[in-house]
Amino acid sequence: MSTESESAYAILGQEVPLGSVDKALKELWGQDDARTKASLLNFAIYSEKAESMEENTRLLEEITLEQACRGLLILAVPGEKRSARAWITAHCQLQDGHKSVCSEQVSFLLEQGNANQVRNVVFAHLDSDLPLACWWQDNLTSNFDERLYSVIDVLFIDSSKWSNPSADFTTLLNALSHDSVRFAVYDLSWLRSHLFRTALAACFQDVVALAELPKLNRIEIYYSKGNRLSALLLVAWIGVRMKCGLDMAGKDIRLQSPEGILINVSLVETTGAEHLQKIILRSKAATFTVTRECGAHYVCSRVEIGDHIYEEMLPADSVSDVALIVDQLSRMGGQSLYFQMVPMLQKMIG
Amino acid sequence: MPDLQNPFQETLIQRHRAESCTIVIFGATGDLTHRKLIPALYNLAAAGDLPPQAKVIGFARRDKTDEVFRNELAEANKKFSRSGSNEELWSRFAQSVFYHKSEFQDPAGYEALKKKLDDFDKERGAPANRLFYLATAPDAFAVVLEQLRAAGLNKAPEGKWARVVCEKPSGTDLATAQKLNQQVDQVFAERDTYRIDHYLGKETAQNIMVLRFANLMFEPLWNSRFIEQVQITCAENLGMEGGRGGYYDTSGALRDMVQSHLFQLLSLVAMEPPTDLGADPVRDEKVKVIRSLRKWRGLKEVSENVIRAQYTAGSVDGVDRVGYRQEDRVNPKSMTEAYVALRLYVNTWRWQGVPFYIRMGKQLPKKATEISVHFKHAPQAPFPTAQQRGTRNVMVIRIQPDEGISLRMLSKLPGMQLLMQPVKMDFRYSTSFGKASSEAYERLLLDAMSGDATLFARRDEVESSWAFIDEIEHAWHAEGEQPPMCEYPAGSWGPKEADEMLKRDGHVWRRM
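Those protein sequence lines, which keep their order, are chains A and B.
Taking the working numbering, the leading residue of the first sequence gets 1, the next gets one more, and so forth.
Taking the working numbering, the leading residue of the second sequence gets 351, the next gets one more, and so forth.
Calculated from the structure, these hints are not laboratory results.
Glycine included, every Cβ here is placed at the ideal spot set by N, Cα and C.
Please note that a few of the clues may not be correct.
Claimed, not checked - Below 27 Å or equal to it, Euclidean Cα-Cα: the simulated BS3-like pairs (lysine-lysine) are:
no.	chain 1	residue 1	chain 2	residue 2
1	A	Lys23	B	Lys762
2	B	Lys505	A	Lys26
3	B	Lys472	B	Lys510
4	B	Lys774	A	Lys23
5	B	Lys451	B	Lys465
6	B	Lys505	B	Lys465
7	A	Lys26	B	Lys451
8	B	Lys650	B	Lys683
9	B	Lys846	B	Lys645
10	B	Lys726	B	Lys645
11	B	Lys465	A	Lys215
12	B	Lys451	B	Lys518
13	B	Lys510	A	Lys215
14	A	Lys215	A	Lys243
15	A	Lys347	A	Lys215
16	A	Lys284	B	Lys846
17	A	Lys161	A	Lys278
18	B	Lys414	B	Lys451
19	B	Lys451	B	Lys464
20	B	Lys428	B	Lys414
21	A	Lys251	A	Lys278
As the list claims (entries may be wrong) - Restraint-style ranges between C-beta atoms, simulated for each label pair:
no.	chain 1	residue 1	chain 2	residue 2	range
22	A	His178	B	Gln445	52 to 60 Å
23	A	Lys81	B	Ser761	24 to 32 Å
24	A	Lys23	B	Arg700	42 to 50 Å
25	A	Ala124	B	Arg854	54 to 62 Å
26	B	Lys774	A	Val319	39 to 47 Å
27	A	Pro17	B	Ala564	27 to 35 Å
28	B	Trp699	A	Lys26	23 to 31 Å
29	A	Lys23	B	Leu757	22 to 30 Å
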């Protein structure tokens, strides 16, 4: 491993032998009476990108600001020979002006790491009796194995980062079909549009607007680069909620409403920091718009039905993955809707 | 009334979004509107929880324009909003806030209000629901309600609702509470009547039901077989600041806090599990607790089980404080209690023989509200000596501040001897959940708009609690001999008579 990589590992804290992680953690807490160890869950971040440890340490530190946890960073990379290294550190926050509340971080570098090794590392170092949330960064590779995911309680994925979304959705669905599996899945691509969807739902929260819903004939979604999947998820959501069928004409996407109306769907890549920039739903007499063009923390909705125009300013989704994850850990909630959309989504992906 | 079938809305299960409504606040220039109601509505808007196209009308007698009213509220919001005040968001929110000048007793004012509401509906393109918030003094309720009825405002447009929210106090005794309830009942049905007790809107008060009924391990122990006593304390470290003496001297600790907030906490602790979390099943169980309280009647019973006191000069947080009777706007010969402690018994199979000690006081050493559940001693074997048996387990539910729950248990001290030390398992909202709780009024306003009355007091709850309180008040103000008014120095934990009341049972107040 190069010197550059070694200096990147300095952020991981104190290196300890793999078999002595727990002992080293105990010594860490024993040293300082002013610190309180806090842990409500195990939070693992799994990556196969060699340069990810430093960034993931920073992400974990941000997560511990809101969610006290035992953090596990797992980096599995190819290597010349099989090896495993471990480090411990802690992220501490001040409480009441002086006392520190700290969350542990245990980092593992597994070279030539396979599913067994990943699993054993995770199993041996969980804080017992606490749930395990795992943020699986990047593709669902062969290390995403049944004996590993059978112990996961919450799985965060980001389907917009998958190089082959179709294959990875298949992997995910196969995993969920196992009896031993109990994890809830939260896709960051989907979570990124939570408040966007809330704003869109608000547009139809009265009888006059609701009457226009069956008459929709056009959907336009503007998304920023790399977020087409989030846009497709939004289309799938609208389609499922309105009980539409999918009508693909080549690459063009259309939904067919129960009333038989064809709804043309237009997905436009545009610039901007936010993953989803704007959505416009149109019928002959009405336009419903939700847009991020009103500041970093808000979305603006606009309903135009004839002469009646109504606008609202509502909270917006964060662009930060950490904020999305922390928010979701605070909310939890079901996922059945997401999986209702996946079949339509897979057809749109092709 | 069928719910709006918005296919997009129903999927967002975390959001409890009500349909469009107009909120009319009577007494809009008062303190409550500025400190609590408007900041709560603003924060609901900021969180995206305010119903779409919601409008707020402030109804009061002073002469103001919409603009002046909005500017005043803008200043108040900057001071009192828990999330601060975003200029752009406030600007949009304020556009939906209006002022309506009228005397409470002026019929023309209500006709004009009706026209305003109808105009808003036309603007929306459809009728909206109506929420009338009585943020006035209770003696104005009757005239406002009568005028609402006369103008037909208590009847909502077809397919919509009209509700009334009544601020506490809900009367000052049983007779006035019943009269008030009758006045409301003549105008609004009970299902459309929402009586505020803001303690119920607190996250930790709501957590009591979750703690008890979502965790299997506590309920089998939650009875007289395992629990020795329960204490509920509401301590305040302030006196009559801000000119409150004038109002407080007509009320007192028993009527101001015990009848409402502390009895609500008592009900949540002592209730049976409801059949479901609907408003009436929950409130059915709560009212049974109040009805089951053993009543204290007459001088002897009240003296033995209720201690009242006033604070004398002392010092709180290092600052000298005058005695209660020397406070601004307090009668120098006042017989109003600034402190009350009660021993209560809930006469049910579950709680037979378990004392519930409730106390509330001003000018105590700190501000804190908590419930402590004290378990009985473990059986004698296998720890035969008193030292080995150690202290009892205590569960503490901290309502405010430092919201959370702790459990005191015994652990062995390291060493050769079998010695024990109490240790505490502690859950704190502040370190466990990063997400900030909403203010009580945000939750309560949203629930009123959504039609969930679980966190509001029902008519029979209010009247049952007043019936209990009345017996004590009668004894206190009877002709001839009355129970004594005790004293305690400001900054202490109350009168020694309150300590002696517990001591007779072999108990002590928990050190907070």
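To see whether the hints hold, each was checked on the structure:
1. A distance of roughly 23 Å separates the Cα atoms of A:Lys23 and B:Lys762; the hinted pair therefore holds under the 27 Å criterion.
2. Annotation: proposed proximity of B:Lys505 to A:Lys26 is violated, straight-line Cα distance about 67 Å (limit 27 Å).
3. For the given pair, B:Lys472 sits about 15 Å from B:Lys510 by alpha-carbon distance, which is consistent with the 27 Å threshold.
4. Annotation: proposed proximity of B:Lys774 to A:Lys23 holds, straight-line Cα distance about 24 Å (limit 27 Å).
5. The straight-line distance between the Cα atoms of B:Lys451 and B:Lys465 is roughly 14 Å, inside the 27 Å bound, and the hint therefore holds.
6. Between B:Lys505 and B:Lys465 the alpha-carbon distance is near 14 Å, which keeps this suggested pair within the 27 Å criterion.
7. For the given pair, A:Lys26 sits about 68 Å from B:Lys451 by alpha-carbon distance, which is inconsistent with the 27 Å threshold.
8. Restraint check for B:Lys650 and B:Lys683: satisfied, since their Cα atoms lie roughly 24 Å apart, inside the 27 Å limit.
9. Between B:Lys846 and B:Lys645, the direct Cα distance comes to roughly 24 Å. Compliance with the 27 Å bound is thereby established for this hinted pair.
10. Our distance criterion of 27 Å between C-alpha atoms is met by B:Lys726 and B:Lys645, whose separation comes to about 25 Å.
11. Distance restraint check for B:Lys465 and A:Lys215: the Cα-Cα separation of roughly 33 Å exceeds the 27 Å cut-off, and the hinted pair is therefore not satisfied.
12. The straight-line distance between the Cα atoms of B:Lys451 and B:Lys518 is roughly 24 Å, inside the 27 Å bound, and the hint therefore holds.
13. Proximity of B:Lys510 to A:Lys215 is assessed by CA-CA distance (about 25 Å); at most 27 Å being required, the pair is judged to hold.
14. Taking the CA atoms of A:Lys215 and A:Lys243, the gap is near 13 Å; set against the 27 Å cutoff, the hint holds.
15. Restraint check for A:Lys347 and A:Lys215: satisfied, since their Cα atoms lie roughly 24 Å apart, inside the 27 Å limit.
16. Under the criterion of a C-alpha separation no larger than 27 Å, the hint pairing A:Lys284 with B:Lys846 is inconsistent with the structure, at around 78 Å.
17. At roughly 21 Å between alpha-carbon atoms, A:Lys161 and A:Lys278 fall within 27 Å of each other, so this suggested pair holds.
18. Taken as a hint, the B:Lys414 and B:Lys451 pair is honoured in the structure, with Cα atoms around 7 Å apart against an allowance of 27 Å.
19. Using a Cα cut-off of 27 Å, the hinted pair B:Lys451 and B:Lys464 holds, with the two alpha carbons roughly 13 Å apart.
20. At most 27 Å may separate the alpha-carbon atoms for a hinted pair to count; B:Lys428 and B:Lys414 meet this at roughly 20 Å.
21. In summary, the hint linking A:Lys251 to A:Lys278 is supported, as the alpha carbons are separated by about 21 Å, within the 27 Å threshold.
22. Judged by the Cβ atoms, the range 52 to 60 Å given for A:His178 and B:Gln445 holds: they are separated by roughly 54 Å.
23. At about 47 Å, the beta-carbon gap between A:Lys81 and B:Ser761 misses the expected band of 24 to 32 Å.
24. A beta carbon spacing of about 48 Å between A:Lys23 and B:Arg700 agrees with the range 42 to 50 Å that was offered as a hint.
25. Between A:Ala124 and B:Arg854 the beta carbons are some 57 Å apart, a value that agrees with the proposed interval 54 to 62 Å.
26. For B:Lys774 paired with A:Val319, a C-beta distance near 41 Å keeps the hint of 39 to 47 Å intact.
27. Taking the beta carbon of each, A:Pro17 and B:Ala564 are about 42 Å apart, not inside 27 to 35 Å as hinted.
28. At roughly 48 Å, the beta-carbon separation of B:Trp699 and A:Lys26 lies outside the given 23 to 31 Å, and the hint is violated.
29. Remark: the range hint 22 to 30 Å for A:Lys23 to B:Leu757 is upheld by a beta-carbon distance near 29 Å.
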